Amino acid sequence: MAEFLQNIVGAVDPYTMQVIVNIGIAIPLALGLNIITGLTGQLSLGHAAFMSIGAFISAICTIRLGFPFALTLVTSGLVTAAIGAMIGFPILRLSGDYLAICTLGFAEIVKVIFLNLDITNKALGLTVPAPKSFLPMPIYVWGIAILSIVFVAFLQSSRFGRALKAIREDEIAAEAMGINLARYKVQSFAIGSFLAGVGGGLYAHFLGYINPSDFGFLKSVDILSMVVLGGLGSIPGTVIGAAVLTAAPEFLRFMSEYRMLVYGALLVCLMVFRPNGLLGGVNFTGLLLKAIGRNINESIPREKGRRKL
Amino acid sequence: MAILTLDNVTIRFGGLVAVDKVNLAVEEGNIQALIGPNGAGKSTLFNLITGIYTPTEGEIRFDGAVISGRQTHQIAALGIGRTFQNIRLFNELPVIENVLIGAHTRGKWDLLGSILRPTPWVKREEEQLLDWAMECLDRVDLAGKAWEVASNLSYGEQRRLEIARALALKPRILLLDEPAAGMNPFEKQVLMEIVQKIRQTGMTVFLVEHDMKFVMGISDQIAVLDYGVKIAEGKPEEVRVNPQVIEAYLGKGAKQ
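The listed protein sequences derive, respectively, from chains B and A.
The first sequence runs 190 to 498 under my numbering.
The second sequence runs 32 to 287 under my numbering.
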């Protein structure tokens with residue numbers, strides 16, 4: 190089985206495979222931020238900090254404790270979620286710009302702490318050994334990416350997800366419906382951090398080397414761009430955003446030094462022509478029903494029990 | 032029996048006394064109205080009841096238990112549903128999802144329910160909630176628009192959706208903050224019928240309203256607020272002829 194998978198992975202040329210795996214790593218990261226910013230509406234500019242916590246925790250688990258890869262990822266996710274909840278508790282009283290600046294400050298603090306700890310090897314960074322797992326890395330990464338897509342899709346269509354959306358739309362009305370703002374905000378922060386922690390763990394083990402400076406402000410903005418480009422709150426949008434923004438710099442490589450210039454211009458154009466993101470505000474169920482020639486409102490009474498939100 | 036009692040409720044914003052020692056008892060099963068000129072403190076009173084503000088002095092009791100000082104979401108969960116003076120819908124969400132969020136306290140599955148979303152236990156609850164939400168939409172005559180995005184509804188429909196969302200909470204008392212504001216005469220008529228139907232289910236209704244015809248036509252009891260002070264209370268026909276009320280609305284010299 191493992192050999193068979195190894196053969197499939199080996200059939201793709203290593204450079205393409207590297208891009209594909211990078212996309213797979215970006216998906217849980219972007220989906221985590223999508224829960225915090227897209228679903229709950231809390232702007233966070235420090236997502237890379239949670240990624241770095243996950244990366245370092247997982248590296249330490251592998252190096253010092255010799256954990257198997259799956260346990261490593263779960264541990265790094267849970268520890269990151271706990272830290273996310275701890276940070277979220279005091280700062281989620283703030284909103285909008287104030288919250289954004291707080292998360293930014295938090296990210297800088299995390300970076301400085303990692304730069305000064307012995308266990309993270311200070312500014313030299315950590316070399317991470319290959320993970321202990323019988324599955325090849327690309328399969329592992331994409332398995333987790335798909336799991337996280339499914340999880341966020343479930344979350345979005347559940348009572349919990351609806352409470353988060355209500356908070357995004359109108360906090361006062363949400364609270365008047367009996368939704369405990371503080372609790373749901375902290376929980377959404379913790380779940381978003383969990384996914385970031387897992388993503389960080391994958392990143393550390395795939396690259397084999399991590400340095401605190403890799404997880405700076407630019408990395409946070411990178412992840413935020415994926416979510417905004419795809420469309421806040423949209424899962425297919427976030428996945429496409431993660432894929433496009435991970436692959437675009439590679440596809441634009443032929444332009445050599447003009448690469449980042451064109452990349453930036455593409456982002457600007459997108460925000461001008463589709464301010465809600467590529468797939469923001471696109472209703473897939475509605476489109477599907479329209480395509481088969483049915484009015485969305487007529488279809489309710491008959492199948493109201495089966496319709497998903 | 033009074034389901035909601037306000038006992039000497041006062042709130043000060045700096046030097047301004049927005050609500051001044053108001054005593055009020057809302058009888059169970061009644062339609063109670065609160066009227067008064069602009070700035071009389073009516074909406075502030077609603078915000079006090081729902082816990083958005085905490086009274087500086089006094090006590091609010093719901094069904095015997097003190098609720099002043101509790102948090103808004105706790106008060107809502109006790110069975111106090113409300114609408115807002117300036118419509119506050121979840122604009123980008125479909126109509127049905129607005130109502131489902133209103134039914135938040137009716138559901139049990141939380142974060143774990145997200146993970147177990149496809150299992151029969153969670154599915155059953157979701158179906159029950161969906162049925163209940165459709166029933167609430169039916170009561171305000173919006174079932175046909177369940178999958179529209181809330182912001183695409185007309186003004187009158189948005190007002191009605193707010194009521195459906197509050198009904199989804201299965202409240203024991205429903206607070207309506209100027210439900211008829213900005214409606215045309217026909218829409219007001221429809222609204223009146225909806226409120227009467229809601230009362231027939233045994234629910235208590237407490238409403239703030241400016242439209243006298245609406246208030247006089249529907250209420251069992253009316254309280255009048257002016258500059259934060261309760262100046263009159265009684266049945267519609269009593270309040271209508273109360274000289275103090277006429278003075279507050281029309282000024283001195285307007286008496287006959």
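Because the hints were derived from the structure by calculation, they are not lab data.
What you are looking at is a predicted structure, and each value in this text was computed from that prediction instead of being measured.
Among the clues, some could well be false.
Stated by the list, open to error - Interface residues of chain A toward chain B, partial, derived using beta-carbon atoms under 10 Å:
1. Gln105
2. Gly133
3. Glu218
4. Lys219
5. Met223
To be verified - Chain B regions said to be covered by chain A (calculated; three or more residues, Cβ under 8 Å):
6. 222–235
7. 310–324
Positions of the beta carbon are idealized from the N, C-alpha and C atoms, including for glycine.
Exercise for the section: Hold the hint about Lys219 (chain A) up to the distance rule: shortest CB distance to chain B must be less than 10 Å. Expected result: Constraint on Lys219 (chain A) not satisfied, violated at 23 Å.
Handout entry: 8 Å C-beta test of the region 310–324 of chain B against chain A, three or more residues
Key = violated (count 0)
Problem - Cut-off 10 Å, beta-carbon criterion: hint that Glu218 (chain A) touches chain B - result: This interface hint is violated because 21 Å lies over the 10 Å limit.
Practice task
Answer holds if the nearest beta-carbon of chain B is closer than 10 Å to that of Gly133 (chain A); otherwise answer violated.
Solution key: Since chain B brings a Cβ to about 5 Å from Gly133 (chain A), closer than 10 Å, the hint holds.
Exercise for the section: Under 10 Å, Cβ to Cβ, is where Gln105 (chain A) needs to be relative to chain B, so tell me if that hint holds or is violated. Expected result: holds (8 Å)
Exercise for the section: Examine the region 222–235 of chain B: at least three residues should have C-beta closer than 8 Å to a C-beta of chain A. Expected result: Not satisfied, violated; 0 residues make the cut.
Problem - Supplied contact hint for Met223 (chain A), tested at 10 Å Cβ to chain B - result: violated (24 Å)
Comparing the model with each numbered hint stated earlier shows that hints 3, 4, 5, 6, 7 do not hold.
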